[in-house]
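Given next are the chains, with one letter for each unit.
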Amino acid sequence: MTCNEAEILLHALLDGELDAGHAHQVEAHVENCLRCAPQLRAYRELQQAMPVAQLHFTAPASLRQRIEKTLPASPRVSNRRSVLKGFVMGTALSTAMAAGLVIAVFRTDQDQRLLGEITSAHVRSLQANHLTDVQTSDQHTVKPWFNGKVDIAPPVVDLTAKGFTLLGGRLDYIDGQAVASIVYRRRTHVINLFVTQGGSSESHEARLQTMQGYNIRRWTAQGLQFFAVSDINGEELQEFVDKFEAAFQPASGT
Amino acid sequence: MLDRPQRQGLALPWKAGDDMMAANGGDAHQGKARRFRDAALPHLDDVYTLARYLLRDTADAEDAVQECYLRALRYFDTFRGTGIKPWLFAILRNVCRDEFARRSGVVHYIDQSFDGETDEDKDAVRPLWQEPQESPETEMLHQRDAETIRRLVAELPDPFREAIVLREINDLSYREIADVVGVPVGTVMSRLARARSMLRKAWTAEEGPPT
Numbered sequence: 001m002t003c004n005e006a007e008i009l010l011h012a013l014l015d016g017e018l019d020a021g022h023a024h025q026v027e028a029h030v031e032n033c034l035r036c037a038p039q040l041r042a043y044r045e046l047q048q049a050m051p052v053a054q055l056h057f058t059a060p061a062s063l064r065q066r067i068e069k070t071l072p073a074s075p076r077v078s079n080r081r082s083v084l085k086g087f088v089m090g091t092a093l094s095t096a097m098a099a100g101l102v103i104a105v106f107r108t109d110q111d112q113r114l115l116g117e118i119t120s121a122h123v124r125s126l127q128a129n130h131l132t133d134v135q136t137s138d139q140h141t142v143k144p145w146f147n148g149k150v151d152i153a154p155p156v157v158d159l160t161a162k163g164f165t166l167l168g169g170r171l172d173y174i175d176g177q178a179v180a181s182i183v184y185r186r187r188t189h190v191i192n193l194f195v196t197q198g199g200s201s202e203s204h205e206a207r208l209q210t211m212q213g214y215n216i217r218r219w220t221a222q223g224l225q226f227f228a229v230s231d232i233n234g235e236e237l238q239e240f241v242d243k244f245e246a247a248f249q250p251a252s253g254t
Numbered sequence: 001m002l003d004r005p006q007r008q009g010l011a012l013p014w015k016a017g018d019d020m021m022a023a024n025g026g027d028a029h030q031g032k033a034r035r036f037r038d039a040a041l042p043h044l045d046d047v048y049t050l051a052r053y054l055l056r057d058t059a060d061a062e063d064a065v066q067e068c069y070l071r072a073l074r075y076f077d078t079f080r081g082t083g084i085k086p087w088l089f090a091i092l093r094n095v096c097r098d099e100f101a102r103r104s105g106v107v108h109y110i111d112q113s114f115d116g117e118t119d120e121d122k123d124a125v126r127p128l129w130q131e132p133q134e135s136p137e138t139e140m141l142h143q144r145d146a147e148t149i150r151r152l153v154a155e156l157p158d159p160f161r162e163a164i165v166l167r168e169i170n171d172l173s174y175r176e177i178a179d180v181v182g183v184p185v186g187t188v189m190s191r192l193a194r195a196r197s198m199l200r201k202a203w204t205a206e207e208g209p210p211t
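Each protein sequence line maps, in turn, to chains A and B. To convert, note that position 29 of the first sequence is 29 in the working numbering; the numbers rise steadily by one, no gaps. To convert, note that position 133 of the second sequence is 133 in the working numbering; the numbers rise steadily by one, no gaps.
It should be emphasised that the hints constitute simulated quantities derived from the structure, not laboratory data. Honestly, I wouldn't trust all of these hints.
Stated by the list, open to error - If the Cβ cut is set under 7 Å, some of the chain A residues that face chain B in the computed set are: (1) Y43; (2) Q48; (3) A49; (4) N233.
Said to hold, decoys possible - What the simulated footprint calls covered on chain B by chain A, stretch by stretch (three residues with Cβ under 8 Å from a Cβ of chain A suffice, anywhere in the stretch; the number is not a length): (5) 28 to 40; (6) 66 to 80; (7) 91 to 101; (8) 149 to 155; (9) 158 to 170.
Unchecked claim - Chain A residues, not near chain B, derived (Cβ > 10 Å throughout): (10) H29; (11) V123; (12) Q127; (13) D133; (14) Q135; (15) D138; (16) V150; (17) I152; (18) L159; (19) I174; (20) T188; (21) E205; (22) A206; (23) G234; (24) V241; (25) K243.
In this text the structure is predicted, and so the values were computed from the model without any measurement. Beta carbons: idealized from backbone N, C-alpha and C, even for Gly.
Turn these sequences into a full structure, and let the hints steer you where they fit.
What follows is the structure, given as structure tokens:
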């Protein structure tokens, strides 16, 4: 590798954009190069000194209102109340239909509450310096660690080579239940993969939901329910799900 | 500073918004609007942040963000479920470019030739950026307050400011930046390298006591 190449690639290294092979090449060059080593140090220092959180702006409330106003009104918050009101008042809805709707709405609420708990668990794991109980990138250490702690054997696959670094595992409580969380990293982002017993043995494809700005992909496979939560964009989260599934499926037969 | 005194104001087609409201009576539109709201509104602060850095003016940024959301809703049907944040950014960038084109035929928002080379003829084999780089100052960077750094970033020339804001502040991957800006990934890399070099130089040259 020449210095000209390294000068550019060291930025990709700092940004976590290089695969392991190229990262190694750049590091090997920089280590022995009097010209490139101070540069890497200098730019790392610059990156760390950027007070990124404080460089964000918050949109003024008036702007948010202006934009909201251009969207057609959507009373999604009061859905349950309006359905119940309709039920009580005996309006056009038949009793059977209204009952069906109420159940559907309560289910949705239940879902929302579960997603809320999942999101909170994710946020807690980032706040409290308690991301992992067992910290290792070795999948054969993480998997047995869950034995006896949760009532399932969560699949742990190492996706480091595919761009998602396995950080370790953690025990969490969601909905009053012990839940396994497998922790991955993508660039500077943390992905919590929560695994619980699934309601059914059917497999459901992952769908994207958003809660408090976090992306959640939820799917069911082989009697287990999976929730992948992160602040990375939905597309990359789907990539994670695909790679996890691809690595998990062949192993599951054995 | 970021808020420049001269106010030209963005002449934006507000009418489009009114038409859209009128046309949005049906359930399908309601559903679309709700999906749009859930998908796009959480990114309002990010879009606004990018607008502030691109336009360097508070009122212009607000107008551009509003126009961006109007256009995004209009074209939401064509959005194919990949990252919505880069998609919104690309629309915002178009809004800014159109507005600058409208104001003057001379000043272009982002002059692609600024890099000193055309983007099309780049390939991964030849060095992406051959200009000899001065070594960055070896002295330590003093901590500066956020206001100072906002200004230093705002003073970078367009393509470099855009690259570093998308990477460091909006946290996009190189691929996403390349898609938003419409240049090859190699160009993104060389612009970032240049942007960091300029920013570090400006940072160390900044006078005043370190905080």
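Hint check results:
1. At its closest, the beta carbon of Y43/A sits 5 Å from a beta carbon of chain B; the interface hint therefore holds under the 7 Å criterion.
2. The closest approach between the C-beta of Q48/A and any C-beta of chain B is roughly 9 Å, which is over the 7 Å cut-off, so the hint fails.
3. This hint holds: A49/A has a C-beta 5 Å from the nearest C-beta of chain B, less than the 7 Å allowed.
4. The interface hint given for N233/A holds, since its Cβ lies 4 Å from the closest Cβ of chain B, which is under the 7 Å cut-off.
5. Evaluation of the coverage hint for the region 28 to 40 of chain B: fulfilled, as 8 residues show C-beta separations to chain A shorter than 8 Å, against a requirement of three.
6. Only when three residues or more bring their CB closer than 8 Å to a CB of chain A does the claim for the region 66 to 80 of chain B stand; here the count is 4, and the claim holds.
7. With 0 residues bearing a CB less than 8 Å from a CB of chain A, the region 91 to 101 of chain B misses the requirement of three and the coverage assertion fails.
8. Proximity of the region 149 to 155 of chain B to chain A, defined as three or more residues with a beta carbon under 8 Å from a beta carbon of that chain, is established by the 3 residues found.
9. A count of 3 residues in the region 158 to 170 of chain B with a Cβ less than 8 Å from any Cβ of chain A is obtained; the coverage claim is therefore met, three being the minimum.
10. For H29/A, the shortest C-beta to C-beta distance to chain B comes to about 14 Å, beyond the 10 Å cut-off, and the non-interface label holds.
11. Annotated as non-interface, V123/A keeps its C-beta farther than 10 Å from every C-beta of chain B; the closest such distance is 15 Å.
12. Under the 10 Å C-beta cut-off, the non-interface status given to Q127/A relative to chain B holds; the minimum distance is some 19 Å.
13. With a least CB separation of 28 Å from chain B, D133/A remains clear of the 10 Å interface cut-off, as annotated.
14. A cut-off of 10 Å between C-beta atoms confirms that Q135/A is not in contact with chain B; the least separation is 24 Å.
15. Residue placement check: D138/A keeps its beta carbon more than 10 Å from all beta carbons of chain B (closest about 27 Å).
16. The beta carbon of V150/A sits about 32 Å from the closest Cβ of chain B, which is more than 10 Å, so the claim that it is off the interface holds.
17. Distance check on I152/A: its Cβ is at least 31 Å (rounded) from any Cβ of chain B, clearing the 10 Å threshold; non-interface status holds.
18. Here L159/A stays apart from chain B, with its beta-carbon at least about 17 Å from theirs, past the 10 Å limit.
19. Look at I174/A: its CB is around 23 Å from the nearest CB on chain B, clear of 10 Å, so calling it non-interface holds up.
20. Annotated as non-interface, T188/A brings its C-beta within 10 Å of a C-beta of chain B; the closest such distance is 8 Å.
21. Every CB of chain B is more than 10 Å from the CB of E205/A (nearest about 13 Å), matching its label as outside the interface.
22. The Cβ of A206/A lies farther than 10 Å from every Cβ of chain B, with a closest approach of about 12 Å, so its non-interface assignment holds.
23. Taking the minimum C-beta to C-beta distance to chain B, about 6 Å, the non-interface status of G234/A is violated against the 10 Å cut.
24. Every C-beta of chain B lies more than 10 Å from that of V241/A, the closest at about 14 Å, which supports listing it as non-interface.
25. Every CB of chain B is more than 10 Å from the CB of K243/A (nearest about 16 Å), matching its label as outside the interface.
Hint violations for this structure: numbers 2, 7, 20 and 23, all remaining hints satisfied.
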